[in-house]
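Engineer: Since the structure of chain X is already known, use the hints to place chain Y on it.
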Amino acid sequence: MPKITFIAHSGTPQTVDAENGLSLMRAAIDNLVPGIDADCGGECSCATCHVYVDEAWMARVGQPGDREESMLDLNPERGGNSRLSCQITVSDDLDGLVVRVPEFQM
Amino acid sequence: MSEALVLPEAELQLDPYAYPIEALNPAQPGLFRRDAHLPLLKRLREEDPVHFTAESEFGPYWSITRYDDIKYVDMQHEIFSSEGGITVGDQDEDFQLPMFIAMDPPKHDVQRKVVAPVAGPRNLAALEPTIRERVAMILDGLPRDETFNWVDRVSIELTTQMLATLFDFPFHDRAKLTRWSDVATAQPGTGIIESEDQRRAELIECLTYFTELWHERAARPEPGNDLISMLAHSPATRDMITRPMEYLGNLILLIVGGNDTTRNSLSGGVLALNQHPAEYDKLRANPALIPNMVSEIIRWQTPLAHMRRRALVDTELRGKVIKAGDKVVMWYVSGNRDPLMFESPDAFIIDRPNARSHMSFGFGIHRCMGNRVGEMQLRVAWEEILKRFDTVEVVGEPVRTYSSFVKGYLELPVRLTAK
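Quick mapping for you: the protein sequence lines, in order, are chains X and Y. Numbers given in the numbering used here equal positions in the first sequence, counted from 1, plus 1. Numbers given in the numbering used here equal positions in the second sequence, counted from 1, plus 38.
One chain only, chain X, in its complex shape:
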């Protein structure tokens, strides 16, 4: 199982075992990572599972799709490395991935 590290806004890291084929959001929720709301349940329609992907990982994680872009775009706190974690599928490729949880979800 790939290991994913979520770094809270306070700086505290939490490393979890994530299941291949499921979303990064799922890995966060299933492991009680604080700061990920995921109100819509993972359909790219609420933008409350926002994370900042570690720059070193951006190339491998990739850019948001059109629908994700339209949701992210409404967040005043988005960055160049912002993604919605429900739209990132966990795979062996992402073993060791580091993402930061924002201070607030919109």
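No lab work stands behind these hints, which were simulated from the structure alone. A portion of the hints provided could be inaccurate.
Partial list, computed: chain Y residues near chain X (C-beta under 7 Å) [to be verified]:
1) G229
2) G402
3) I403
Simulated coverage check for chain Y against chain X, where a stretch passes if three residues somewhere in it have a Cβ under 8 Å from a Cβ of chain X [as the list claims (entries may be wrong)]:
4) 105 to 117
5) 203 to 211
Where a beta carbon is used, it is the ideal one built from N, C-alpha and C, also for glycine.
Structural biologist: Then chain Y, alone, in the frame of chain X:
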């Protein structure tokens, strides 16, 4: 909002099984006033979840009543447009108010982004101490051992103060905000306004007042952190003052969005706890449940019963063909009571595990911009209520709003029991 006639009560579809299904019309304001809308919506969810009403006071329209279908429609903004209005009734044709909630991308996105930060969690964290102080003052000023209207003394007062803070609106004139909010959504002849002419006249007063505020804020070299300053200084909106109807439209959106919804959820919470006393006990024993209870209140109340879209192309949903141009109404109030999504959906359960999945904020690009403002106000209000009162007891029948859009209360008679 249309010039609708008030139907006599006898024509209300109180027993939905007494009519052929094709005759069912959920957009009857009288049903909502009598809190009698749920049986009809239940029948539609079960038997005809994508339902066409051929004749109503608002013209023909489709009703979407299941949680998953509503979410689907809400997310497909390329198929289901918000352009031109978001309620089942149309705006007065001679008095069109453009506002970003009733726009499609790209214009929607540009305008929303300007004002979004004021309702953002960062700004709210800074505002919370002020809000808590004001809540405390309102609660400490309430009469003890006598019956009063919770809607007036608490719900309206609290949300109006919050709104005045967000606009940096002259505090002594804040009752005007409540009035304009009511005027904007009321149906003529139902107690708030008598005619569309009166609506126009009062909303023009609103525009005049806010135009002065705009010029005053625009003249300041340093933009303030309030909504009017944001609009007046942002490159994307600073020429909006040359389009007064658009300025008014967006003001009304922010006033109604920031007022009615939280106001009615604050009243709804009191009613829900009174109807579910075991939940009130649970809350007293464990105030840490407040944040989850806030989501459950917003689900249970659903302060805006629906949002409307219009199909841009012919499209199919559950085997029904929705034609380009058809109105499509998403009944959030039904989705929030869908048993496929929420177990025992009509029960109010303050520690319901998936309360946050309620659809009262909508989904997709039009998702409520002020969701965190509303949640914060409700959370702070309940924290302070619990500190002071053992019970906020409902001692008479609530009087509900005559509307199939704003689902709220005009009166909620209560008595307080101090701790």
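Engineer: Next step is simple, just say for each hint if it's right about the structure.
Structural biologist: Taking the hints in turn, this is what the structure says about them:
1. G229: Hint on G229 (chain Y): violated, closest Cβ of chain X at ~36 Å, above 7 Å.
2. G402: Constraint on G402 (chain Y) satisfied, holds at 5 Å.
3. I403: This interface hint holds because 6 Å falls under the 7 Å limit.
4. 105 to 117: With 3 residues in contact (Cβ-Cβ under 8 Å with chain X), the coverage given for the segment 105 to 117 of chain Y holds.
5. 203 to 211: violated (count 0)
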